[in-house]
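Required output: the full structure, derived from the provided sequences and hints.
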Amino acid sequence: MTGQKHLISLFGNGHRDNIGFTINATDEVVLHFNSSGGNTATDKFFNLRQAAKKVHIIVNKVATIIKINNQTLTTPMTLGTDVANVFREGIEWGTITVAADSNATTFETYAS
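Following the working numbering, the residues of the sequence shown are numbered contiguously, the last one being 112.
Derived from the structure by calculation, the hints contain no laboratory data. Note that beta-carbon positions come from the ideal geometry of N, C-alpha and C, so glycine has one too. Hints are supplied without guarantee of correctness; some may be wrong.
Stated by the list, open to error - Across the chosen pairs, the derived CB separations fall in these ranges:
| id | residue 1 | residue 2 | range |
| --- | --- | --- | --- |
| 1 | 86 | 66 | 14 to 24 Å |
| 2 | 26 | 80 | 11 to 21 Å |
| 3 | 30 | 78 | 27 to 37 Å |
Unchecked claim - With a Cα cut of at most 20 Å, we get these calculated SDA-like pairs of lysine to any residue:
| id | residue 1 | residue 2 |
| --- | --- | --- |
| 4 | 54 | 83 |
| 5 | 67 | 28 |
| 6 | 54 | 93 |
| 7 | 54 | 32 |
| 8 | 61 | 93 |
| 9 | 61 | 25 |
| 10 | 61 | 104 |
| 11 | 54 | 84 |
| 12 | 61 | 21 |
| 13 | 61 | 24 |
| 14 | 67 | 32 |
| 15 | 53 | 32 |
| 16 | 67 | 93 |
| 17 | 61 | 36 |
| 18 | 67 | 47 |
| 19 | 67 | 77 |
| 20 | 54 | 25 |
| 21 | 54 | 65 |
| 22 | 54 | 85 |
| 23 | 61 | 19 |
| 24 | 53 | 24 |
| 25 | 67 | 51 |
| 26 | 54 | 69 |
| 27 | 53 | 94 |
| 28 | 53 | 108 |
| 29 | 54 | 24 |
| 30 | 53 | 64 |
| 31 | 53 | 66 |
| 32 | 54 | 18 |
Quick look at the structure:
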């Protein structure tokens, strides 16, 4: 029960989902937060029915966010491996594109 209370404190009681996946070095995956669909190697669907307002990403190797809402970032956002990467203020993400750097990377992504 403590784990559930912690997740509710982080993400609220609204619709949320958790997706884990591994991608190879230099590969990209699009995370679709407000859309539904079947997960593939290059697309993961959260079906939140709205843009994500809180996103929590854990990676085991260095990775980056390279696009937000289909807009390429001028400087990709590096995701660190020592702590969870938490985004919960001032975001409304319909999609993000994440990429593994030089190693295969496992992602654990939680969104609401």
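Cross-check of the supplied hints:
In this structure the hint that residue 86 and residue 66 lie 14 to 24 Å apart at CB holds, the actual value being about 19 Å. Look at residue 26 against residue 80: about 19 Å separates their beta carbons, and that is inside 11 to 21 Å. Between residue 30 and residue 78 the beta carbons are some 18 Å apart, a value that contradicts the proposed interval 27 to 37 Å. Between residue 54 and residue 83 the alpha-carbon distance is near 16 Å, which keeps this suggested pair within the 20 Å criterion.
Under the criterion of a C-alpha separation no larger than 20 Å, the hint pairing residue 67 with residue 28 is consistent with the structure, at around 10 Å. Between residue 54 and residue 93 the CA atoms are separated by roughly 9 Å; this keeps the pair inside 20 Å, and the hint holds. For the suggested pair residue 54 and residue 32, the alpha carbons sit about 13 Å apart, so the restraint of at most 20 Å is met. Distance restraint check for residue 61 and residue 93: the Cα-Cα separation of roughly 23 Å exceeds the 20 Å cut-off, and the hinted pair is therefore not satisfied.
Straight-line distance between C-alpha atoms of residue 61 and residue 25 comes to about 10 Å, which keeps the hinted pair within the 20 Å bound. A distance of roughly 7 Å separates the Cα atoms of residue 61 and residue 104; the hinted pair therefore holds under the 20 Å criterion. Proposed proximity of residue 54 and residue 84 is supported: the alpha carbons are some 13 Å apart, at most 20 Å. For a cut-off of 20 Å, the pair hint linking residue 61 to residue 21 stands: about 13 Å separates their Cα positions.
The straight-line distance between the Cα atoms of residue 61 and residue 24 is roughly 11 Å, inside the 20 Å bound, and the hint therefore holds. Taken as a hint, the residue 67 and residue 32 pair is honoured in the structure, with Cα atoms around 12 Å apart against an allowance of 20 Å. Taken as a hint, the residue 53 and residue 32 pair is honoured in the structure, with Cα atoms around 13 Å apart against an allowance of 20 Å. Taking the CA atoms of residue 67 and residue 93, the gap is near 10 Å; set against the 20 Å cutoff, the hint holds.
For the hint linking residue 61 to residue 36, the alpha-carbon distance of about 28 Å lies beyond 20 Å, and the restraint is violated. Our distance criterion of 20 Å between C-alpha atoms is met by residue 67 and residue 47, whose separation comes to about 19 Å. Using a Cα cut-off of 20 Å, the hinted pair residue 67 and residue 77 holds, with the two alpha carbons roughly 9 Å apart. Among the hinted pairs, residue 54 with residue 25 is inconsistent with the structure: their alpha-carbon atoms are about 26 Å apart, more than 20 Å.
Of the supplied pair hints, the one linking residue 54 and residue 65 holds, its CA atoms being roughly 15 Å apart against a limit of 20 Å. Proposed proximity of residue 54 and residue 85 is supported: the alpha carbons are some 11 Å apart, at most 20 Å. Proposed proximity of residue 61 and residue 19 is supported: the alpha carbons are some 17 Å apart, at most 20 Å. Of the supplied pair hints, the one linking residue 53 and residue 24 is violated, its CA atoms being roughly 28 Å apart against a limit of 20 Å.
The straight-line distance between the Cα atoms of residue 67 and residue 51 is roughly 15 Å, inside the 20 Å bound, and the hint therefore holds. A hinted pair counts as satisfied when its Cα atoms are at most 20 Å apart, and residue 54 with residue 69 qualifies at roughly 15 Å. Between residue 53 and residue 94, the direct Cα distance comes to roughly 9 Å. Compliance with the 20 Å bound is thereby established for this hinted pair. Distance hint between residue 53 and residue 108 is fulfilled; the C-alpha atoms sit about 17 Å from each other, no more than 20 Å.
At roughly 26 Å between alpha-carbon atoms, residue 54 and residue 24 are farther apart than 20 Å, so this suggested pair is violated. Note on residue 53 and residue 64: the hinted pairing holds, with a Cα-Cα distance of about 19 Å set against a maximum of 20 Å. Of the pairs offered as hints, the one joining residue 53 and residue 66 holds, with about 18 Å between alpha carbons and a cut-off of 20 Å not exceeded. Restraint check for residue 54 and residue 18: the C-alpha separation of about 12 Å stays at or below 20 Å, so the hint holds.
The earlier numbered hints that this structure contradicts are 3, 8, 17, 20, 24, 29.
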